[in-house]
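Asker: Fit chain V to the known structure of chain L by using the hints.
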Amino acid sequence: MNMKKIFVLLLMLILYVNYVMHFKKDVTRLEKKIINIDNRIEKEEKLSLVKGKYKDINSSIDYTYLFYKGEQFSYSETMGMFQQDIQSSVNKTACTTLNIQWQDMPISKERWYNVLSLKLSLMCKPHDFIAFVNDSKSKSKLFTFNQLKIFKDRRKDFLRISFIVSAYRSKQNEN
Amino acid sequence: MNYKKYVLSKFITVLPFDESFFFKVVFEKKIKLTDTLVSLNYKKHSPYKNPFFTKTMENQNLYIWFYEKEISSKIILPEPYLLFNFFKASNPNTFFIMENYDTYNVLIIKDAILVNSYNLAEKDQNLISMEMAKYGLDRYKEINKKEYLESREEALNNIGIQELYKWSSVEIDKEKLFPSLINSIAYPLSFLLFFTMGIETYHLNQVEKKLAVVEERYLAIKNTNNDIREKINFENQKEEKWIDFVQRELPYIDSLSIFLRISKAFQDKEFIFKNFSIIGSRVKIEIETKEDFVKGLNILNQIDGLKNIALKHSNKKRDRVSYEATVLSQGVAL
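Residue numbers (the numbering used here), protein chains in the order written: chain L, 1 to 175; chain V, 176 to 509.
Bound-form chain L, shown alone:
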């Protein structure tokens, strides 16, 4: 055997094994990465083309004006304001408030708002109740009505109406 040839072959084998073990990189992975980045560039280029469309979006517009402000008022304060708003709608009509009851404050850490709930019992004629509904809906705050129950009262043309009305408070102030 030619020792010089064997030495060269062994040297190359050692070099190659070390190259494979320590220096060889996964080119396929890099090529896939290039393809992924190319796809992302394509998306960004498409976004650039429609950039003008998004400039007109006014991000300051929000619907939180529908809520009582938790940043300024505590839970109790907002409940009081809410009750006043509802009571003012009742007072504008010939409805009589039979009962108002604060519902328990729902505690939910997931939600970004608090639900303010009042249980209300009214006695009024049908058209007065409709007037109450219309007045409460004309207010700037959002009210939702649930568990509506209407019974005929003993007095002629009068209804007894009970329902839960809910309003919403933004959650920044937890007091």
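Calculated from the structure, these hints are not laboratory results.
Keep in mind that the hints are not guaranteed to be accurate.
If we take Cβ atoms under 10 angstroms as the criterion, some of the chain L residues that face chain V in the derived model are [stated by the list, open to error]: (1) I6; (2) K25; (3) R155.
We treat Cβ as the ideally placed atom computed from N, Cα and C, and that holds for glycine.
Answerer: Only chain V this time, still in chain L's reference frame:
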């Protein structure tokens, strides 16, 4: 010239009829004979002085062809064997005489075994008859020069690797095989490994360069879109927030709207509400009327936002009828 022809011409020498002498030995069973043994035992039968030979063993038959001048090819294929191999399947019991320029080639096949082959200066009918009688053959085939050359060409093209190997003079020395192999492949393999490393490194370098360029390009275009992306993300978050709110708090059409729709639909004086409730999506109505309950059902069916309308109870004596319905979920519309 096709590839096979090129290989045949480079590595094979066909030993012609007229330059060789055929000798055959039949053994009781198949044995293995070295060249030295063949030379010692059968060299004396050759008409040449200090002959060379090529041989093969087929079953119990040892076929030897002696020749006078040394041939350097690794594969020396006797022409008689080539033609015997070509004809034996189609003519297993035949006396062949083939016209070859100014001489004649004789090939005698019996029971698909080569019996004899030689070259004649001229065609002697008596000799042919004697030979046929000697080997018990009754089939005689005369091949003209053109057919002979064509058959030879075709036989050479059809010959398989196994047949060629039988005639190969290459002897493998197992002890020397490994060192010889190492000697042969050391430099080519080293070069191949070096070349592979070089190519792979170069390719990797190119890919890494391309990756760097692409990443840079992506960062640049991404930065130009950052403001818009932030805006879009902010709007998406806001949208998700409000979708969540509507799904939780406003799943159904507002109760008061439903109440107003129903009371408007029943404003005819023949219907007097005695009881009305909306709890969640469930609507319950109790009405005092002298009308048939079907009329009330028809009215309810025409109201938007209600489904699953059903008669709950009907009392003709007290003129009471009650219905149930479900409020449609309103979905999200911001």
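Asker: For each hint, tell me whether it holds in the structure or not.
Answerer: Each hint, compared with the structure:
1. I6: holds, 6 angstroms
2. K25: For L/K25, the interface hint holds, since the closest Cβ of chain V sits about 6 angstroms away, which is under 10 angstroms.
3. R155: violated, 14 angstroms
The structure is inconsistent with hint 3 alone, although it conforms to all the rest.
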